[in-house]
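Since the structure of chain V is already known, use the hints to place chain Z on it.
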Amino acid sequence: MIDTLRLTAEEAKGLLERREISPRELRAAYRAAIDARDEELHCFLTLVDDDENEGVPIALKDVISTKGVQTTAGSKILEGYVPVFDSTVAARCKAAGLQLLGKTNTDEFAMGSSTENSAFGPTKNPWDPTRVPGGSGGGSASAVSAGLAPWALGSDTGGSIKQPSSLCGNVGLRPTYGTVSRYGIVAFASSLDQVGPVTRTVRDNALLYGIISGRDECDSTTVDVPPVELPDAQDLKGLRVGVPKELNEAEGIEPGVTDAVRRAIDLCNQLGAEVGECELPRAVEYGLACYYLVAPAEASSNLARYDGVRYALREQADDYYELVSRTRDAGFGDEPKRRIMLGTYALSAGYYEAYYGQAQKVRTVIAREFAAAFERFDVLVSPTSPTVAFKLGERTENPLAMYLADVLTIPPNMAGLPGLSIPCGLSEGLPVGLQLIGAQFAENTLFRAAHALERAIGFDTVPERLR
Amino acid sequence: MPITRHDVLHVAALARLDLTEDEIARLELQLNDILEAVGKVSELDLSDVPPTSHPLDVVNMFRADEPRPSLPLDDVFANAPERDGDLFRVPPTGETAA
Numbered sequence: 487m488i489d490t491l492r493l494t495a496e497e498a499k500g501l502l503e504r505r506e507i508s509p510r511e512l513r514a515a516y517r518a519a520i521d522a523r524d525e526e527l528h529c530f531l532t533l534v535d536d537d538e539n540e541g542v543p544i545a546l547k548d549v550i551s552t553k554g555v556q557t558t559a560g561s562k563i564l565e566g567y568v569p570v571f572d573s574t575v576a577a578r579c580k581a582a583g584l585q586l587l588g589k590t591n592t593d594e595f596a597m598g599s600s601t602e603n604s605a606f607g608p609t610k611n612p613w614d615p616t617r618v619p620g621g622s623g624g625g626s627a628s629a630v631s632a633g634l635a636p637w638a639l640g641s642d643t644g645g646s647i648k649q650p651s652s653l654c655g656n657v658g659l660r661p662t663y664g665t666v667s668r669y670g671i672v673a674f675a676s677s678l679d680q681v682g683p684v685t686r687t688v689r690d691n692a693l694l695y696g697i698i699s700g701r702d703e704c705d706s707t708t709v710d711v712p713p714v715e716l717p718d719a720q721d722l723k724g725l726r727v728g729v730p731k732e733l734n735e736a737e738g739i740e741p742g743v744t745d746a747v748r749r750a751i752d753l754c755n756q757l758g759a760e761v762g763e764c765e766l767p768r769a770v771e772y773g774l775a776c777y778y779l780v781a782p783a784e785a786s787s788n789l790a791r792y793d794g795v796r797y798a799l800r801e802q803a804d805d806y807y808e809l810v811s812r813t814r815d816a817g818f819g820d821e822p823k824r825r826i827m828l829g830t831y832a833l834s835a836g837y838y839e840a841y842y843g844q845a846q847k848v849r850t851v852i853a854r855e856f857a858a859a860f861e862r863f864d865v866l867v868s869p870t871s872p873t874v875a876f877k878l879g880e881r882t883e884n885p886l887a888m889y890l891a892d893v894l895t896i897p898p899n900m901a902g903l904p905g906l907s908i909p910c911g912l913s914e915g916l917p918v919g920l921q922l923i924g925a926q927f928a929e930n931t932l933f934r935a936a937h938a939l940e941r942a943i944g945f946d947t948v949p950e951r952l953r
Numbered sequence: 612m613p614i615t616r617h618d619v620l621h622v623a624a625l626a627r628l629d630l631t632e633d634e635i636a637r638l639e640l641q642l643n644d645i646l647e648a649v650g651k652v653s654e655l656d657l658s659d660v661p662p663t664s665h666p667l668d669v670v671n672m673f674r675a676d677e678p679r680p681s682l683p684l685d686d687v688f689a690n691a692p693e694r695d696g697d698l699f700r701v702p703p704t705g706e707t708a709a
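Here the protein sequences come in this chain order: V and Z.
Going by the working numbering, the first sequence wraps up at 953, each residue one higher than the last.
Going by the working numbering, the second sequence wraps up at 709, each residue one higher than the last.
Extracted from the complex, chain Z is given alone in its bound form:
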């Protein structure tokens, strides 16, 4: 199941990475190598084995449901590239830009 240039571009779009031509070419080769190695997991017949998503046998470790202060807004925006009042400012999306 080799990865093509088309696959790389499709996955890059899903992951929102604006890759350069060099990166696209290199990733096509490297991802094929890596997928060939990790594809090894398909050798095993595990149809009757349940999946593990979490290594501990615990569920629903809730804390007490008590209100407490959240971060002050100035802290929330302290690292923001662009603040507009109480909002993060970004350019419009393609759909609305026109």
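For reference, chain V alone in the conformation it holds in the complex:
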């Protein structure tokens, strides 16, 4: 009997290659886990019977277009929308033989930090179903944590891979901007959006990143990527680890989170790394404000395409403009509306320079601060999320409180930097994530450091209540 809670994707691949299990038996094991646990957790929006592929199963966040399989982005406005083409990442998963298990829940248009903004109801955290799994990719993170999939893909604009991975005890990579194609991804904020892997081990993460990354002629922002090295280092000798003061001492970081991260930093020392302090004074203080101007502005433009004309939801009206306005009001939930309004305002005549223009300059300041830090260090570390998983409903009435969930993941995202979250311990019985930030295209350095730390930390990724 396969224990899907513990089987890694790498092990599953080995079982298939040695023919110790058939592709159908493997898929059946995950379907059984889904049948047993997804009614409670609600990770999946659509399940798929993929009879064409024979490799390791995978789940894809529902912002990733899959030919012939409904893709909703967690929104009523796209309910029933069935893409007629595959996104590049879905095509690359198929080319690698990965069996599609289904599409996972997300905050509507990937806007949120708890999955509670999904038009199809929230996903629950497998460590404690009264708590959120994080977001926006809570469906992928919860599914991997609960053994409903060996690995999954998410997308990360402000923290939508890293933060749910932290809250569910997974390994989540937001890759360097430009390393993974966005062709066929439902766009949110195009200067920030990146697709990346959610896994239970660092090696699985490197394997999946190797499958999806690399230049794609359908996305002009993609570039050639250094070959992915599967990590096996057991120490951190020669690695310079920086501890940015502001990312580690930001207001709102829970004491239990700080304790777990401090222990991981001590381990870096013991594993032979040179650990030192550094500063990112303006990147952290102004990062969140910068993000909540840039991302909504870009979203207001990207979401203009949902007009009820070419696909998906249409509300009837006698006049074209009535039809568009009614469709958009009926189809979008509160959070996309809020961000469309905010972004439209920030881009409107008279306010553009003060808001969007100024935010783009702050972005330069943030990138420069990180560049200076990477002259002295190879990796920067901090908590991924200031808190462990919070209660369902706790922040839904207060958008600003919800936005604070990403205060530590946003600054590196603004600079296009890769970030990897790995579990580094428990606080109040819930997982704490350690964020490792690298220079652009330094994914291999992150994998190496995270793999050595993962071994030394020895975190059990199986939620206690499911052991």
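Simulated from the structure, these hints should not be mistaken for laboratory data.
Honestly, I wouldn't trust all of these hints.
Claimed, not checked - Partner residues are not named here, just some residues of chain V that face chain Z (Cβ under 10 Å, in silico):
1. 540
2. 802
3. 885
Claimed, not checked - Label-pair distances were calculated between CB atoms; the ranges are:
4. V:953 / Z:632: 47 to 53 Å
5. Z:659 / V:953: 42 to 48 Å
6. V:804 / Z:677: 41 to 47 Å
7. Z:689 / V:538: 18 to 24 Å
8. V:607 / Z:686: 28 to 34 Å
For every residue, glycine included, the Cβ atom is placed at its ideal position computed from N, Cα and C.
Leaving out everything else, chain Z in the frame of chain V:
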């Protein structure tokens, strides 16, 4: 620079959102809170800092300019709410409706 109900209606019209009365009232409050928080960016004097619109230092990553088939029309219309031959059908605009 507080947002008024008038601003909310103006921006909603620009964004083509037919908001309900409840939504208008709630957004007036929430947008004021959010703008107060994000307005923090104006504290910095950045007159000599260039803007960043793209995080990578790359330009013009073109693919080879070779013709290839586009989507078949039946695929293009597969998700259309209303098709009329090779066109998306919509009601007339206000100007021409009368």
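field: CB-CB spacing for residue 538 of chain V and residue 689 of chain Z relative to the 18 to 24 Å hint
entry: Holds: the Cβ-Cβ distance is about 20 Å, inside 18 to 24 Å.
field: CB-CB spacing for residue 677 of chain Z and residue 804 of chain V relative to the 41 to 47 Å hint
entry: holds (45 Å)
field: Hint validity - residue 885 of chain V Cβ closer than 10 Å to any chain Z Cβ
entry: holds (6 Å)
message: Within 28 to 34 Å: is that where the Cβ-Cβ distance between residue 607 of chain V and residue 686 of chain Z falls?
response: holds (31 Å)
query: Is the shortest C-beta separation between residue 540 of chain V and chain Z less than 10 Å?
result: violated (27 Å)
message: Within 42 to 48 Å: is that where the Cβ-Cβ distance between residue 659 of chain Z and residue 953 of chain V falls?
response: violated (57 Å)
- prompt: With 10 Å as the cut and Cβ atoms as the points, is residue 802 of chain V at the interface with chain Z?
  reply: holds (8 Å)
field: Outcome for the supplied range 47 to 53 Å, where the beta carbon pair is residue 953 of chain V and residue 632 of chain Z
entry: holds (51 Å)
Checked against the numbered hints above, the structure breaks hints 1 and 5 and satisfies the rest.
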